[in-house]
Amino acid sequence: MKARALHVAAAALMAAALAFPLWGFAMAAPQYPDETLHLQVTRTGIAGDVLEVSTLQHFIGVRFPTDLPELKWATRAIVAFAALLLVGAFVGAGTAGRVYRVLCAVALVVFLIASAGVVQARLYQVGHDRDPGSPLRGMHDFTPPLVGPARVGNFTVWSFPHAGAVLLLAAAVLTVAGSRKAAV
Amino acid sequence: MKHHPFLLVVATVVATLTAVHTMGCGASRSARSLAAEQVYVAPGELDKYYAFLSGGQSGSVFVVGIPSGRLIREIPVFEPRAAYGYAMNDNDPRRQELVATGGVWADTHHPVLSETDGMPNGKYLWINDLANGRLARIRLDYFETDRIVKIPNLQGAHGIAVVSPNTKYIVVNGEFEQPTDGLLTNPAPYTSVVAFVDPDSMEVKFEVRVNGNIDIADTSKDGRYSFSTVYNLEQGKDMGSMIQYDRDAVAAIDIPAAEKAVAAGRGEMRHGVPILDPESNPGVLTLIPVPKNPHGINVTPDGRYAIAAGKLSPTVTIIDAHTLKIVAEPEVGLGPLHTTFDNRGNAFTSLFLDSQVVKWNIDKAVAGAPDYIVDRINVHYNIGHLQAVGGDHTHPAGDYLIALNKLSKDMYVPVGPDLPENQEIIDISGEKMRLLASFPTPPEPHDATFMAVAVLKPLVHQTYTPAADAVVAGQERVVRTAPHAVTVDMTLIRSAYTPDSFQVREGDQVTLKVTNIETIRDMIHGFALPDHNLNIALAPGYTKTMTFEASKPGVYWYYCTNFCSALHLEMRGRMMVQPKDSTVTLADWHAAANVQGQVVPGVPSTGAKP
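Line by line, the protein sequences are chains B and H. When you line the first sequence up against the working numbering, it's residues 1 to 184, in that order. When you line the second sequence up against the working numbering, it's residues 1 to 610, in that order.
Some clues are possibly wrong.
[Unchecked claim] Counterexamples of contact, computed for chain H against chain B with all Cβ distances above 12 Å:
#1 R29
#2 T519
#3 V584
[What the hints assert, rightly or not] Facing chain B, a subset of chain H residues (Cβ under 8 Å, in silico):
#4 A42
#5 K406
#6 I493
#7 I520
#8 L567
For the record, the hints were derived by calculation from the structure and aren't laboratory data. Small disclaimer: the values here were computed from a predicted structure and weren't measured. Heads up, the beta-carbon is just placed ideally off N, CA and C, and yes, glycines get one too.
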């Protein structure tokens, strides 16, 4: 496949990513048999078992993040990248075009790594910036990893990239691949 | 070392006895293990069947898992139950129905399931109140009572049955005969009726007059006939005169013929219900003579026969369910009361006096073959009803049967003179019956019916969808609606009441609407208000409205009675009733009453709050 096709595909994947949740959390505990709680981070906020999770978080002083400005910025960036990649598909096979595509690829990879960093920072904040007046004692601060399980009280919390993040990653792979092609 | 010969003999005898005893234990232990394994449902695994047992004088329905025999739920029907928030407040529609139809107690006997094509469809279960002539309906999607109606023109609503195969009516037998005009002005003999109730509207569509005491009911599988055993055709008013005749009857009512007569206006209207007199409507009622004072009537799963149990006669009467002719009357044992069926052509009849279940082959009995008795098994004691899984429907399972015994005697640890009821689970899958286990219940299951868990479980809801009038989070309020009336709209969720306090004046009529806004199953919260006769439970999503008078000034803590969370004990709030003659304004009083304990910074959690 040539650079143009790869970039068109990447732009399409990025646009599609916005239609899906970006990150997901699954929370399992003994007293929730067959009813693991799920949260999805979408471009507009947090969806899923919000009522139940916020009811539970009250016990351990976790402040349920209701205001996530980074989602607004991420959405804008994703739209912008989709546009930039689409442009990249048509800037030609000349040096300028190739440089443009390499810069796009670098920028996209940096954006994704930075986003992962922001998410991890948010997860750290959730586990540390807790209400000291919360009812339950003996709860230690915690940091859920970006991907994988964390033990929080009687819950095992799994963090994982949702469909949107997978699409973004796929778009990045196609973009990087496209930036290495000479032919348009 | 020398042994005394006598000691040697003693030692030998002891050793031999020990060996024999051990061998005996070994044999019985393996039989016990086998039985135990059949009824053992490991923690986390589910039973195969729901058994619905009438609660008798408990006025309820018991739900028991089979084969484990575990009591899983009591469905309150005719008695209020604080623990389920059922019919506890004057504002509760079920309580209003109960009070209007005869009171807050009952004697429930026969649970029957709604059917499609002769098999339970999981929509409804009906249960009678013999004492007060009522019929109640339970929704099986929520396992809750949704209608209670009084059956007009009868006393003693005893046998009930669903008209197969598609639940056209619920048949209700009137057992206690009444003067024909219901009063003492008519010197004519007492009489009673069989009522036909619409399953959806719960209205009685028509009744058929029958002289005598109408006892147990069943219906033919094709919807043509209802069958009722009738005793005391003598119309005696004391026991001696009730057992004079040699034969009483099974009353077969031709349902299409009755419908036609009703449509032609041949019913005599009484309390809004047309009553058909069989004398002036020939063809509606056929009396089939059976030995005196019969009891149970059960139609075979294939619909060929209706089998009446002799009770005082050691026989069952096998009636052709299409021609209404008696085809056989075999002896089965002493005190036959009820019959149920497997899927291999066998009938099982309870023998009250013999304290046995007798298994007999229907075809052999009809053919007059001498070897129709297959097996007998002892039960403990004085069995009444018995029911095999699906025996009352068109496809019996042929695996388990439960015996509902009237007496338990020595079966359980003594608990005072009021002994528990004893049910026994019997394996009927083989040629020989095997007693597997017993389980006790509160008083007093009469009859049972079953549904496969595989069929019913997918239809059962475990949370409520909030009603249109549910209180929504954020819209809680306390409003004075009249000079002496206050409305409180409240929500409950772990672990708080919102509002967590409200004020009223002494003498106010309080209308309290409470919604449990939990969405997770089993997160039930209670609302108990001391000294106001108010305690209800609310399952997730449920809304209840209660009314009461705040008659005594003071502070009353409402609190959660259903252990819900780590902050369950803290889940409470205050109703503050201001004295009538108080000069303090409500605002002042509110401010004063809301002074909170001060939290001292830096004091560790073990330190007491001031």
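**Request:** Report the numbers of all earlier hints that the structure fails to satisfy, in ascending order.
**Result:** 2, 4 and 5
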